[in-house]
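Undergrad: The lines below spell out each chain.
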Amino acid sequence: MTDQTFAARTRKVRLANGMTLLLLENPANPTVSMSGYLWAGSWYAPSDNEALSTLTASMLNKGTRKRTKLEIAESLESRGARLGISANTFTVSLSALSLTRDMPLIISTLAEELREPVFPADELEKLKQRIIASIREDQDETRVRAYERMTQLVFPAGNPFYCHPAETVIEQVEKTGVEDLRQFYETHYGPESVVLTFVGDHVPDELITLVDQSFGDWRGPAPREVNLDETPLAPRSTRDHIQMKDKANCDIVIGHASRLRRTNPDYLAAIIANRALGQSTLSSRLGLKVRDEMGLTYGINSSFSESGIGDGPFTIGVTVSPDNIDLAIDTTLGIVDEYISGGISEEELRDEQSSFSGSYKIGLATNSGMASQIVNSELYGFGVGYIDELPAQIAALDKAAIDDAIRKYFHPEVATIVIAGTFDDNR
Amino acid sequence: MNQSFQKITEYEGITEYRLLSNDLKVLLVPRRAAPVVAFMVVYRVGSRNEAVGHTGSTHLLEHMLFKGTPTYNKQNGTQIASVLQRQGAVFNADTWFDRTRYYEMLPSDQLDLAVHLEADRMRNSYIADEDRQSEMTVVRNELERGENDPSRILDERLWAFAFREHPYHHPTIGWRADVEGVPTSRLKEFYDTYYHPNNATAIVVGDFDDDAALELIEKYFGPIPRSAHEIPPMYTVEPAQEGEIRFVLRRAGQLGIVEMGWHIPEATHPDSAALAVLDHALSAGVTARLYQALVETQLAVGATAQAYQFIDPGLFTIDATLHPGIEHQQVEKTILETIEALKTEEIGESELQKAKNLILTQMIFLRDSPFGVISVLGEAEAISDWKIFVDWPKMIESVTAADVKRVVNTYFTEDNRTVGYFIPRNSEE
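Chains as they are written, first to last, in the working numbering: chain A, 34 to 460; chain B, 16 to 444.
This is chain A alone, in the form it adopts within the complex (with noise of 0.2 Å):
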């Protein structure tokens, strides 16, 4: 163990050609994690086209200039090796994890993956089978029914949290053509893009040869800054069922408009505030009496999660039997309203810093954890100090700035809720 901070440790490097590379020692294991993004995400694809993004993605291992798929495959998993690229809202993730002594293995598929694609017909067939099959799979899940509904009534068509119909992105999907990812690649992936974190048993001189030798000469186009509108809230509260067959358990989504971003100066406020309120389900406020006193749920939580690049939805999610609906939807409610009336207690204000004092030491207890945060740390450009100030200043935060957070960004009085399951057809 070290006593240095993060930003001591940690090496970056900005390469000739602006792709940027964070590098952490951490010899514990004899292995390494890798962590990044380029921006490539499905806010850069046409609105009538948003699969555009997720299936340029997924292609990029499915065959390049030099090997097939199944080649690639091949060398990776013959020696246990893993690497993949999905893509988010915003960005592309890269990631990756492997024994040390397989690292010039990552670095070159990588590469190869990244700057010499073929996007094989037969292979983008077979995926775009295996997508609409999948899309056709989680049509059958109540929590995605109600997700997805809840965001279709809380945002525009257009925005990147609004998700589409099934059906319109199956007919995203089905009408796409090799051409059309070759050209999103060529739009949007390049160098000055890419930022990669790299934690574990390395040695980082020999780690930046190899990437500049398997990326120096890369050249692309350069990022495009997101652009986007905040989301308002509603005028006012909607509700919409979802009626499915065969549902022992319903799924209830309650949603509106977040409008916080990870740069809000307010966010750790925020994001203090939703601890107490529902985080956990088995200490927060709205697990304590929902579940632990009521017996209603296994599970019920309130998240930002979407809030990062843009603001996506703050949302509560609750799962009940169908004869639980109206009392879990009236309690969750009655818990958020005095929530917001009364602001949070000191004492919950001191357990729940306290607690992320805590659960953040444990996230970088691992080589993939401390990859993460520091690869958000370049992604809403923090810089790597920032993984060092951060518990200061969730300490320094107040009750009067956490209940600022909780009036500006809790609003039950405007929020959406779906409900999705099987139920009395007359509710």
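All clues stand as given, with none of them false.
Derived DEER-like restraints, expressed as beta-carbon distance ranges: (1) A:A425 with B:I23: 43 to 49 Å; (2) A:G396 with B:G92: 22 to 28 Å; (3) B:T415 with A:Q216: 48 to 54 Å; (4) A:E207 with B:N107: 40 to 46 Å; (5) B:P240 with A:G117: 49 to 55 Å.
Computed footprint of chain A on chain B, listed as stretches where at least three residues anywhere in the stretch have a Cβ under 8 Å from a Cβ of chain A: (6) 139-153; (7) 332-343; (8) 357-371.
Partial list, derived from the structure: chain B residues whose beta carbon lies under 10 Å from chain A: (9) A48; (10) S123; (11) R191; (12) G221; (13) Q269; (14) L270; (15) T376; (16) G387; (17) N441.
To be clear, the hints were calculated from the coordinates, so they are not data collected in a lab.
Predicted model only: the values in this text are computed from it and were never measured.
Beta carbons are placed, not taken as given, at the ideal position from N, Cα and C, and that holds for glycine.
Position chain B against the provided structure of chain A, taking the given hints into account.
TA: Just chain B, lined up with the frame of chain A:
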């Protein structure tokens, strides 16, 4: 050396002790990479120890152990979950066929709290009737969430058909009527029968000093007496399956599923390593045989194989979620052809080595976190002894292509097979 303990053995960085006063088994695994520590108590009781009328009791009892003791309770502001949450702990408990485990991962200066809390609830839990009533409905909602998922229900049915007499027949969460009807007195009886130091293993992994950890364990677990009775053995044996069993599950859903299961031996059987290599060769990654035979050919959306390792003989299962428009029979036939090919021809050296490497690297990856290490040690203790985890890489290394061919021929027979189809009805009204 703390005189309250007998040092049993030290092997590959893990030290085993026995607490002399009550036979609690203790494992210490110091890893000082980060200032965190994980603590786990594994009880050798699971749904394997239940029978009709009280299926699901082990799991319901596990929930009840969060409801409080005279020391930790909601009334005095020390509710178990709140006290742990206050420290930022990652904590929970879960129940499976062979075991129930309670665990915390927290900052290393909080080990005292975890050890105290687990020792306290080992014998001092309230298990009050009013708590059972509210917690029963929580568990019932957990059961209902599971029932929403066709693949989970199909799997539950597969085990119920494949096991007629042995308690692996019923799911750990229990049958609904048993969960609703079991009296509090039965849960208390379960608690008094199985929750004793001589039926448990306490494990510490992470940033701690051995002497200090032993002192804490002695301080809090030491005063708890050994059980006055012997822990009752579970003696039901599943007889050999004499002929293929087939069943169909029809309910609302989107995609069909085929699941098959074959009886395999207990975890400590010498064939377990070869069966683990087989499940990786069949389903781990894009190059695996079932992926190539089913997903690549667009017969299925996904396919998995799993060699379950339990105290008693379990199942090797294969399941595949069908591509829309594909018949169940076609997928079943392809799975069986994939298996038959392995009966006649040995897998190649590179394929064998690939399956082994996937298992061996996974074991190294999990050492990144104290929780990864404590989880596998806990599972090993549940089914037998922690040393099977430490020796697992050597056992995997020693598997030959001939071993894989032999286990396929031994266990993958028609008479030993159970086959289930999930046939979806349209879920829209």
